[in-house]
Amino acid sequence: MTLLFTNARLINPEAGTDSLGALLVQDGKIAETLPEGTEPAQLFRARNIDASAVEIIDCGGKCLAPGIVDIGVKVCEPGERHKESYKTAGLAAAAGGVTTIVTRPDTAPAIDSPETLEFVTRRAQEDAPVHVLPMAALTKGRAGREMTEIGFLMDAGAVAFSDCDHVVSDTKVFSRALTYAKSCGALVIAHPQEPLLSAGAAATSGKFAALRGLPAVSPMAERMGLDRDIALLEMTGAKYHADQITTARALPALERAKANGLDITAGTSIHHLTLNELDVADYRTFFKVKPPLRSEEDRLAVAEAVRTGLIDTISSMHTPQDEESKRLPFEEAAAGAVALETLLPAAMRLYHADLLDLPVLFRALALNPAKRLGLASGRLAAGAPADLVLFDPYLPFVMDRFQLKSKSQNTPYDGQRMQGRVLATYVTGTPVYRRD
Amino acid sequence: MSSPMSSPTSAPISPASFDHRHLLGIESLRPHEITAILDLADSYVDLNRRPEKHSDALAGLTQINMFFENSTRTQASFEIAGKRLGADVMNMAMQASSIKKGETLIDTAMTLNAMHPDLLVVRHPHSGAVDLLSQKVNCAVLNAGDGRHEHPTQALLDALTIRRAKGRLHRLNIAICGDVAHSRVARSNLILLGKMENRIRLIGPPTLVPGQFAEFGAEIYDDMREGLKDVDVVMMLRLQKERMDGGFIPSEREYFHRYGLDAEKLSHAKPDAIVMHPGPMNRGVEIDGTIADDINRSVIQEQVEMGVAVRMAAMDLLAQNLRKSRSDAAAG
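Sequences listed follow chains A and B, in order.
Letter 260 of the first sequence, counting from 1, is numbered 260 in our numbering, and no numbers are missing.
Letter 225 of the second sequence, counting from 1, is numbered 661 in our numbering, and no numbers are missing.
Just so you know, these hints were derived from the structure itself, not from any lab.
Where is the CB? At the ideal position from N, CA and C, for every residue including glycine.
Take these hints with a grain of salt, some might be off.
[As the list claims (entries may be wrong)] Cross-link-like lysine to aspartate or glutamate pairs, in silico, EDC-like; alpha carbons within 16 Å at most:
id: 1; chain 1: A; residue 1: K371; chain 2: A; residue 2: E14
id: 2; chain 1: A; residue 1: K371; chain 2: A; residue 2: E332
id: 3; chain 1: B; residue 1: K677; chain 2: B; residue 2: D659
id: 4; chain 1: A; residue 1: K140; chain 2: A; residue 2: E194
id: 5; chain 1: A; residue 1: K207; chain 2: B; residue 2: E651
id: 6; chain 1: A; residue 1: K326; chain 2: A; residue 2: D282
id: 7; chain 1: B; residue 1: K631; chain 2: B; residue 2: E651
id: 8; chain 1: B; residue 1: K489; chain 2: B; residue 2: E505
id: 9; chain 1: A; residue 1: K326; chain 2: B; residue 2: D543
id: 10; chain 1: A; residue 1: K207; chain 2: B; residue 2: E463
id: 11; chain 1: A; residue 1: K326; chain 2: B; residue 2: E539
id: 12; chain 1: B; residue 1: K572; chain 2: A; residue 2: E55
id: 13; chain 1: A; residue 1: K207; chain 2: B; residue 2: E690
id: 14; chain 1: A; residue 1: K182; chain 2: A; residue 2: E234
id: 15; chain 1: A; residue 1: K207; chain 2: A; residue 2: D282
id: 16; chain 1: B; residue 1: K572; chain 2: A; residue 2: D282
id: 17; chain 1: B; residue 1: K572; chain 2: A; residue 2: E323
[Claimed, not checked] According to the in silico footprint, chain A covers these stretches of chain B (three or more CB under 8 Å from chain A):
id: 18; region: 491-498
id: 19; region: 573-585
id: 20; region: 656-668
id: 21; region: 711-717
[Claimed, not checked] To give an idea of the chain A side of the interface with chain B (calculated C-beta under 8 Å), a few residues:
id: 22; residue: A201
id: 23; residue: S205
id: 24; residue: D322
id: 25; residue: K326
id: 26; residue: L328
id: 27; residue: E331
id: 28; residue: A334
id: 29; residue: A335
id: 30; residue: Y351
Excised from the complex, chain A in its bound form (with noise of 0.2 Å):
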């Protein structure tokens, strides 16, 4: 099957360009990108290529970017899958251009054993229409006490290793897992968070979260976790990515570990890129996530850090939760939002807002998860496999979360205004969603 993007606005993170051209797909690979005017009957001569073999899309001068690679996506299989399973998930990254997703394992049971990673697996290829790599637990249930077997869950698939919102907090017990995944070559992914600090916590302290008389924690929390995990990670050498980095004093710390060479990356999440705190408002258990929706300052400096490359990857941290767990006062109500859908039409606020450019945004999106789990995709690049977003940046609309493909429809962004949509996606050359 051989398809030709045509008239296309190419996003390629890899070279930092943005600029129109054509884009040649065979065998599910990206073959090659071609310049603007290619003549279609023209380039199928030169390559020898059987024209009326060829679907010739027309992009309408439409974006052609890298499919999105989202680390941190929770399917709630096995244990809720009343909330999302991999059938609606992988329909919900369809619709938003996300061609991978690395899913949690904080499931009900954890996925912490090469059984429970085969069952999850065995679901995601029967269901799935996107790509699906799991990650497995670090430690047993994801109770900080004993390392998982991380190298059977290796051979079984898993692609990294965390304990997601649970830190490990016993510090002899992480110590030993760095080293032991180090010898394993495994990525081991962490949540910086002082534990006992933000323990009960619903808002991040300030002005708002007094007036509001909500649980609060300092932001410190955040650096004074990371500033433990680079003190391990010299240490044991291992392989780190942050989960999510949501605070502006946890950047110099994360800055100077690159700089020593520590194999360190780091993530944020869309939510924190582009809500804040006082869009909690009158207790909207929608906005609570964790950490906490941060400052106003706190949003800039960690933008400004994605678009420095300092922070290295953008997550929808898509975690679903039925209306019940949310319809509860605020400190009792579960922390998470569904996002893949929404993952890219928020993305575009950043990009209208002239915070971050396109090539920028895929590279925070596509190319650096991608590369952090050394896949091959995440880029326009000959030999690539043909995972695409084909969106358009300034198509306009209001979000109805019933609207949703996720099973849980908890989305922040409900009501609101947005602007950027996915007209199609394509998973190694195939279409897996259109927009009628």
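Fit chain B to the supplied structure of chain A, relying on the hints for placement.
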């Protein structure tokens, strides 16, 4: 500043001067609305001092008190207020009931709503819970305290007490002392007294008076003598032992030594400064017993009296708005 009126039920409060469906907090009230409540409450003070203390302002209406947290005085105050205005009052001790059986707050609210109450008085241990509940019911909701967020009727009764003792509710130096961090009373008072243009000082150890309160325009002191200098009003807060995770203060006796109100510390305030406390008091922890009982300085008993009057006024105003919206709905 009391404004005697012949008949409290015909109080000249036009609906426009208090245009709210619920009383959830002080934050949403404007200064003239605060004044309207206090003016009406003044007239109810007069009523409450008569031998025959009854009005029909809430006749035919059903008031339900839902307390998800223990309370004796606030619940009693709301109950008496409702009964004096002729409402049918019912108390529900929510701690012992369905919450224990796993029912959610919203389900409880919907269940009660189906019984057609007119006024719901709610106290809940979580900030924002009363707000959430108010979105699911058709009646007027009064916040009787939600977590650390607000306790509007307490702030209103404090304001009425100050206004009657000092003759005004503006340009006063007011000190709020003690466990501000865990106190909804402190938040509501800070907002109300700020709206009425008073200077507010917060006094306490930094573990109980976090620095972010400076952003509300309050001055923060960790030295009580310095903080009390020349103030007109000293508001003590209860040291909420049950809220403490532990470790905010070293011991009760050290707390009393540094932040307990005694005659010596009070001598730094103005000679005519009044002493207030929302109750229940921990004598010998945050306040010396002799100060609390000093009828020349302490207005603690007046606060309790004003509490009933303010709650009568608030429920009267909300009931007027409720009846108006119902008759508008019936007409339209």
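Checked hints:
For the hint linking A:K371 to A:E14, the alpha-carbon distance of about 11 Å falls within 16 Å, and the restraint holds. Proximity of A:K371 to A:E332 is assessed by CA-CA distance (about 38 Å); at most 16 Å being required, the pair is judged violated. For the hint pairing B:K677 with B:D659, the CA-to-CA distance comes to about 22 Å; that exceeds 16 Å, so the pair is violated. Pair hint A:K140 plus A:E194 does not hold up; C-alpha atoms about 21 Å apart against a cutoff of 16 Å.
For the suggested pair A:K207 and B:E651, the alpha carbons sit about 6 Å apart, so the restraint of at most 16 Å is met. With a CA separation close to 14 Å, the supplied pair A:K326 and A:D282 stays within the 16 Å bound. Pair hint B:K631 plus B:E651 holds up; C-alpha atoms about 14 Å apart against a cutoff of 16 Å. The suggested pairing of B:K489 with B:E505 is violated, with an alpha-carbon distance near 29 Å, which exceeds 16 Å.
In summary, the hint linking A:K326 to B:D543 is supported, as the alpha carbons are separated by about 13 Å, within the 16 Å threshold. As the CA atoms of A:K207 and B:E463 are separated by approximately 14 Å, the hinted pair is consistent with the 16 Å bound. Taking the CA atoms of A:K326 and B:E539, the gap is near 14 Å; set against the 16 Å cutoff, the hint holds. Proposed proximity of B:K572 and A:E55 is contradicted: the alpha carbons are some 54 Å apart, above 16 Å.
Using a Cα cut-off of 16 Å, the hinted pair A:K207 and B:E690 is violated, with the two alpha carbons roughly 29 Å apart. Annotation: proposed proximity of A:K182 to A:E234 holds, straight-line Cα distance about 12 Å (limit 16 Å). Simply put, A:K207 and A:D282 have alpha-carbon atoms about 14 Å apart, close enough for the 16 Å limit, and the pair holds. Between B:K572 and A:D282 the alpha-carbon distance is near 15 Å, which keeps this suggested pair within the 16 Å criterion.
Between B:K572 and A:E323, the direct Cα distance comes to roughly 15 Å. Compliance with the 16 Å bound is thereby established for this hinted pair. For the region 491-498 of chain B, the proposed coverage by chain A is not satisfied: 0 residues have a C-beta within less than 8 Å of a C-beta in that chain, short of the threshold of three. Note: the region 573-585 of chain B has 4 residues with beta-carbon separation from chain A under 8 Å; the three-residue rule is met and the coverage holds. Beta-carbon proximity to chain A at under 8 Å applies to 0 residues in the region 656-668 of chain B; the threshold of 3 is not reached and the given coverage is violated.
Coverage of the region 711-717 of chain B by chain A is violated [criterion: at least 3 residues with CB-CB distance below 8 Å; count 0]. Checking A:A201 against chain B by beta carbon gives a least distance of about 12 Å; that is not within 8 Å, so the hint is violated. A hinted interface residue such as A:S205 counts as satisfied when its beta carbon comes closer than 8 Å to some beta carbon of chain B; here the least separation is about 7 Å, so the hint holds. About 12 Å separates the beta-carbon of A:D322 from the nearest beta-carbon of chain B, more than 8 Å, and the hint is not met.
Checking A:K326 against chain B: minimum C-beta separation of about 11 Å lies over 8 Å; hint violated. Restraint check, A:L328 versus chain B: the minimum CB separation of about 7 Å is within 8 Å; hint holds. Using the Cβ-Cβ criterion of 8 Å, the hint placing A:E331 at the interface with chain B is satisfied: the shortest such distance is roughly 5 Å. Because the beta carbon of A:A334 sits about 13 Å from the nearest beta carbon in chain B, more than 8 Å, this interface hint is broken.
Given hint, A:A335 at the interface with chain B, is violated; its Cβ is 15 Å from that chain's nearest Cβ, farther than 8 Å. The closest approach between the C-beta of A:Y351 and any C-beta of chain B is roughly 33 Å, which is over the 8 Å cut-off, so the hint fails.
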